[in-house]
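Undergrad: Take the sequence shown: its position 155, counted from the start at 1, is 155 in the UniProt record's numbering, and no numbers get skipped.
Careful: at least some of the hints might be erroneous.
In silico DSS-like links for lysine-lysine, alpha-carbon gap of 30 Å or less [said to hold, decoys possible]: (1) K16 x K84; (2) K16 x K33; (3) K49 x K155; (4) K84 x K12; (5) K84 x K155.
Derived from the structure by calculation, the hints contain no laboratory data.
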Amino acid sequence: MRGNDLEVFTYKTEAKRLMVRPLKEEDYQGWYKGFNERMPSQHRHDPGKLDMSECTEEWFASLVHNHQKLAAGDDAYIFGVFHKESGGHMGMIDFSTLARNDFQWGRIGYTIHNQYWGQGYGREAVEAAMQIALTELGYHRIEAHINLDNSASIKLAEGIGMEYECTRKGFIYEFGEWTDNLIYYKNAVQR
Numbered sequence: 001m002r003g004n005d006l007e008v009f010t011y012k013t014e015a016k017r018l019m020v021r022p023l024k025e026e027d028y029q030g031w032y033k034g035f036n037e038r039m040p041s042q043h044r045h046d047p048g049k050l051d052m053s054e055c056t057e058e059w060f061a062s063l064v065h066n067h068q069k070l071a072a073g074d075d076a077y078i079f080g081v082f083h084k085e086s087g088g089h090m091g092m093i094d095f096s097t098l099a100r101n102d103f104q105w106g107r108i109g110y111t112i113h114n115q116y117w118g119q120g121y122g123r124e125a126v127e128a129a130m131q132i133a134l135t136e137l138g139y140h141r142i143e144a145h146i147n148l149d150n151s152a153s154i155k156l157a158e159g160i161g162m163e164y165e166c167t168r169k170g171f172i173y174e175f176g177e178w179t180d181n182l183i184y185y186k187n188a189v190q191r
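The task is simple: from the sequences and hints, build the whole structure.
TA: Take a look at the structure:
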C-alpha cells in the first residue's frame, strides 16, 4: 500500500502554532537544542535530560536516513514537531505499522520535550499528525498503548477523540516487568 520508495516520507502538516514533518539533516542544530534543553525527569514516563554526547551531526544524518528507510518499508513513520515561528524542535510523533491488508492498523507514539509541557502543544501536534496517518498513510485504525498511571497521555488521547477500548494485561516489558497498557483507538471516517 505504502512504502515502495523514499518519497513516501515527505508528508507534512501545519497546525496553529506547529509544523509536523519528517526530520531533515539540516534540522540537526534545532533537534539537538530541543533535546539538550530538556529539564530533569518530571515523572517515571519522562526520560528528562538525556546524554547527548554521541549525537553528532554524522549520527543524526544516519538517524534521518534510517527514518526514511523505515517509511520506505512501511514499518514506521517518524515526524518531528517544530514551532512555526521559531523553528525550534519540540518533540516527536511516530506511527508504527502493526498490520496492513484487511486491517490497515497502526500504533502512535508521541513525546513533547518537557520544557514545553502544559501549553497544549502535544494535543495540537498529535491532532495534526493523526490526519496524516488516517488519510495520507492509509491507516484505518490507530491505537495508543498507554501505561495505567500516565495521566497526561490518557488526557491527550481522550482530548483528540481517541476512545478507550480495553486494558491489555502484561502487554509490554518495561520498568523490569511485564506491565499492563490501556488501549485507546481512533478509526478513520468511513467512506
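Undergrad: Mind checking the alpha carbons of K16 and K33 for me, to see if they're no more than 30 Å apart?
TA: holds, 22 Å
Undergrad: Verify the proposed pairing of K84 with K155, using a straight-line Cα cut of 30 Å.
TA: holds, 24 Å
Undergrad: Mind checking the alpha carbons of K84 and K12 for me, to see if they're no more than 30 Å apart?
TA: Given that 30 Å is the threshold and the Cα spacing comes to 13 Å, the pair holds.
Undergrad: Is K16 close enough to K84, meaning Cα to Cα at most 30 Å?
TA: Holds - the C-alpha atoms of K84 and K16 are around 8 Å apart, at most 30 Å.
Undergrad: Does K155 sit within 30 Å of K49, going by the straight-line distance between their CA atoms?
TA: holds, 24 Å
Going down the numbered hints, you'll see the structure goes against none, and every one checks out.
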